[in-house]
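Order-wise, the sequence lines are chains A and B. For what it's worth, the numbering used here labels the leading residue of the first sequence as 1, then goes sequentially. For what it's worth, the numbering used here labels the leading residue of the second sequence as 1, then goes sequentially.
Take the hints with a grain of salt, since some may be wrong.
Facing chain B, from chain A, some residues (calculated, C-beta under 7 Å) [unchecked claim]:
id : residue
1  : L135
2  : H138
3  : V177
4  : M230
5  : N296
Don't read these hints as lab results, they were simulated from the structure. Since the structure is predicted, the reported quantities are computational estimates derived from the model, not experimental observations. C-beta: ideal position from N, C-alpha, C; glycine also.
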Amino acid sequence: MTRALIVLRAGPGVTVQDRGRPGFLDHGLSVGGAADMLALAEGAALLGQSPDHAAIELAGMGGIFQARGNLRIALTGAPMPASVEGERIAWNASHPLYDGQKLTLGTALTGNYGYLHVGGGIATPAFLGSRSAHLQAHIGAPPGDAAVLPVGDDPGTETGLALDPADRFSGGTIRIVPSVQTSRFDAETLARLQATTFTRDPRGNRMGARMAFDGAPFTAEGQLNILSEMVVPGDIQITGDGTPFVLLGECQTTGGYPRIGTVIPPDIPRIAQARAGDPIRFQFIARDAALAIHRNARAHVETLAPRPLVRNPHDIRDLLSYQLIGGMITGEEET
Amino acid sequence: MPPPDAFPVIRDVGLTGKLVSFADSFSESANRAALAFRAALATQDWPGVQETATSLTSVFLRFDPLALSHAALDSHLGDLLARADWFAAPLPTGRTLWRIPTVLGGLHGPQFADAAQAAGRDPEQARADIATARVRVLTIGFAPGQPYMGQLPPAWDIPRMTTLNPQVPGASLVVAIRQLIIFAGPAPTGWRHIGQTAFRCFRPKADTPFALTPGDEVTFHEITPEELADIAATDETGDGGATREALT
Chain A
1 MTRALIVLRA
11 GPGVTVQDRG
21 RPGFLDHGLS
31 VGGAADMLAL
41 AEGAALLGQS
51 PDHAAIELAG
61 MGGIFQARGN
71 LRIALTGAPM
81 PASVEGERIA
91 WNASHPLYDG
101 QKLTLGTALT
111 GNYGYLHVGG
121 GIATPAFLGS
131 RSAHLQAHIG
141 APPGDAAVLP
151 VGDDPGTETG
161 LALDPADRFS
171 GGTIRIVPSV
181 QTSRFDAETL
191 ARLQATTFTR
201 DPRGNRMGAR
211 MAFDGAPFTA
221 EGQLNILSEM
231 VVPGDIQITG
241 DGTPFVLLGE
251 CQTTGGYPRI
261 GTVIPPDIPR
271 IAQARAGDPI
281 RFQFIARDAA
291 LAIHRNARAH
301 VETLAPRPLV
311 RNPHDIRDLL
321 SYQLIGGMIT
331 GEEET
Chain B
1 MPPPDAFPVI
11 RDVGLTGKLV
21 SFADSFSESA
31 NRAALAFRAA
41 LATQDWPGVQ
51 ETATSLTSVF
61 LRFDPLALSH
71 AALDSHLGDL
81 LARADWFAAP
91 LPTGRTLWRI
101 PTVLGGLHGP
111 QFADAAQAAG
121 RDPEQARADI
131 ATARVRVLTI
141 GFAPGQPYMG
151 QLPPAWDIPR
161 MTTLNPQVPG
171 ASLVVAIRQL
181 IIFAGPAPTG
191 WRHIGQTAFR
201 CFRPKADTPF
211 ALTPGDEVTF
221 HEITPEELAD
231 IAATDETGDG
241 GATREALT
């Protein structure tokens, strides 16, 4: 029996995601990949494996999954009520999921994108170096009910670890730096951008997120005559109606709307995870400050150190499941 | 906005991108400059540069600012720009001439007459314009493998429509601003839908998933709807009956 994760019930927002396909911009293919790359790294840390492994991304809604063979799992990103065979288990933690056991994930409590990781990673066929579904490019598709997702070899054995991630699930202040057309916006407009409290609009997906607000449209000099140029995740386009639209990983590769600024990479998950109605503010910061934040964020990802799940009083309600699991992956799993 | 004589110009795209632009409106020489400059970048091997790509008149670089500082990259780029007259550079080598069977007008190109009128051409002239045009792939973008091809004669400098086509089919031929696109997949667009091919720009199952490369040249060989149906029914390659010939 090949180890696998069986999808018993999952909505259209459930896809396999990894770090995406960098390197194909010149062919018109954007990087895609997990909407919250930090969550991908957290799952890898919890399972003690490379962040290159593919996981399951769940947009908003949960799902029901079943183990074929003994698996290790980790849950990260937007917190969702999670249970194994009716027993509540902790989010931001790793757990065993034994052969035949069912994992039930509910609707996200805050944020948009929850992640289900497995030891060894989801091992569906790679295309151009990635297993990520890129829905806009018609690469891959939601696996749908009854799909059997193969799981890779898992040399790890440890479960029962937890992380305490920074809250990035309810909007907040987003740090930005200039982009190609920032200088086409006058000082008053740039000041108004930073003084406005936006709310994440319901219109949004893995391509990007619209920022709703009250007030006059944002406009740039000569905005109708901008030649289409390469755009990147984090770019804040001002669309035809004067509303900011923040691009995410599955954006098109080129765009002709003026870009007022670009979100620094560490703050992109905060945009992706903000749900409709969450407040968003933008703040220009100096390049040196942005680089320092970027450096710290990278160091943080590289030094993520899970703690034992049992030590935190908040996890006590999960103690039972913890005690059941310790070190019980036996290595007898068939592959 | 940089003044016209400032080109080429180097600009930031957020924290991890640079854009080297050779013009802020389309010109054939700026497009050639972008293709040549990117080809030159590919031989540089600067540590920290992760990816390069061209758009119509610019070259984009994605880089790691913790491995290569903005100042150092700006300096490298300035030095390389000064090394040649990029506007006079030849086209890249290894290009291909494609001859793509295409149905023009009718149900397969419902806005052909409208486009011809916008261009001030009668339908027969318009048909001849497209059927005899030899256009170059100026850039690939927006969607995987999707080519922007040009330039058509000046009469075809027609604007995009203000009301979008709700959806044109994959492999359809559309026109605006002296350029043609073969759509990679079904999509809404402000470009006028004038024809239909069976040419798949993006072939996820093929060894070469992206058919076209910037610098390739394309002609459109007019066929009947019946011939297109035959091609579509039998083609397994994605070429849609297109022939190819090495240029250079």
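Per-residue hint verdict: H138/A, partner chain B, C-beta under 7 Å: Hint holds; H138/A Cβ to chain B Cβ min 6 Å, cut 7 Å.
Answer holds if the nearest beta-carbon of chain B is closer than 7 Å to that of L135/A; otherwise answer violated. violated, 11 Å
When the nearest CB of chain B is found for M230/A, is that gap smaller than 7 Å? Result: holds, 4 Å to nearest chain B Cβ.
Do the numbers back the hint for N296/A, that is, is its least Cβ distance to chain B under 7 Å? Since chain B brings no Cβ nearer than about 11 Å to N296/A, farther than 7 Å, the hint is violated.
Does the interface hint hold: is V177/A within less than 7 Å of chain B, judged Cβ to Cβ? holds, 5 Å
Violated hints, in rising order: 1 and 5; the structure is consistent with all others.
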